[in-house]
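Can you make the complete structure from the sequences, with help from the hints?
Following this note's numbering, the numbering of the first sequence begins with 2 at its first residue and continues without gaps.
Please keep in mind that the hints were generated in silico from the structure rather than gathered at the bench.
Among these hints, one or two may not hold up.
Distance ranges between label pairs, derived from CB positions [unchecked claim]:
#1 Gln19 <-> Leu148: 18 to 24 Å
#2 Tyr34 <-> Lys130: 16 to 22 Å
#3 Thr90 <-> Tyr121: 38 to 44 Å
Straight-line distance between alpha carbons at most 30 Å, and here's what the computed DSBU-like set of lysine-lysine pairs gives [to be verified]:
#4 Lys105 <-> Lys130
#5 Lys104 <-> Lys21
#6 Lys146 <-> Lys57
#7 Lys88 <-> Lys149
#8 Lys130 <-> Lys4
It should be emphasised that the depicted structure is a prediction, and the values quoted were computed from it without experimental measurement.
By construction, the Cβ of each residue, glycine as well, lies at the ideal position given by its N, Cα and C atoms.
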Amino acid sequence: MPKYWLVKTEEDVYPIDQLKKDKETLWDCVRNYQARNFLKEMEKGDLVFIYHSNSKLTGVAGLAEVSQEAVADPQQFDKKSDYFDEKATVENPRWFSPKLKFKKQFAKVLTLSEIKELAYMKDSALTNKGNRLSVLPLTTNQGMKLLKEF
DNA sequence: GCCAACGTTGGC
DNA sequence: GCCAACGTTGGC
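Quick look at the structure:
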């Protein structure tokens with residue numbers, strides 16, 4: 002049974018269209034411990050909703066699948082990267098990135114306000130107050146029902 | 001661009 | 001370990 006997750010990306014930075022073109026990408030540059038821990042928990046075959054935050058249309062735009070479990074995020078070792086972390090070493094990396102494979106782009110973006118009206122989405126890190134986490138788990142029930150909205 | 005809600009850092 | 005100051009996220 003695959004688990005369900007939701008990851009955020011800004012439409013300007015890495016939209017679902019780009020994932021579609023790339024077919025597969027390393028989900029890197031996440032620099033938040035809670036989010037990192039969820040990235041490490043992802044298993045091959047898990048389903049991941051792609052959410053556009055800070056965008057013209059804020060909401061769920063598509064679906065991806067975990068194609069490889071998390072490895073050390075290479076950006077943390079690259080001095081020239083904005084995501085360089087001087088406290089991270091190859092032997093003891095701090096940040097991790099799974100590989101995500103494009104599955105589908107939804108015909109329309111399911112907006113945050115629409116998601117908030119769905120009773121089964123009432124209790125999630127996405128709809129609760131705060132909503133700053135960029136990687137979050139959904140329950141199987143939420144994931145399965147959300148898929149049917151498209 | 002504004003602002004609420006966090007998360008992180010660093011002094012003590 | 002506490003907490004103020006600061007930085008970031010994300011909705012609007």
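Verification of the hints:
1. One distance hint, 18 to 24 Å for the beta-carbon pair Gln19 and Leu148, holds here, with the actual separation near 22 Å.
2. Distance hint for Tyr34 and Lys130: a CB-CB separation of about 20 Å, consistent with the stated range 16 to 22 Å.
3. At about 43 Å, the beta-carbon gap between Thr90 and Tyr121 stays in the expected band of 38 to 44 Å.
4. Distance restraint check for Lys105 and Lys130: the Cα-Cα separation of roughly 29 Å lies within the 30 Å cut-off, and the hinted pair is therefore satisfied.
5. Straight-line distance between C-alpha atoms of Lys104 and Lys21 comes to about 8 Å, which keeps the hinted pair within the 30 Å bound.
6. Only pairs whose Cα atoms come within 30 Å are accepted, and Lys146 paired with Lys57 is accepted, the gap being roughly 25 Å.
7. In summary, the hint linking Lys88 to Lys149 is not supported, as the alpha carbons are separated by about 43 Å, beyond the 30 Å threshold.
8. As the CA atoms of Lys130 and Lys4 are separated by approximately 24 Å, the hinted pair is consistent with the 30 Å bound.
Hint compliance for this structure: hint 7 is the single one not met.
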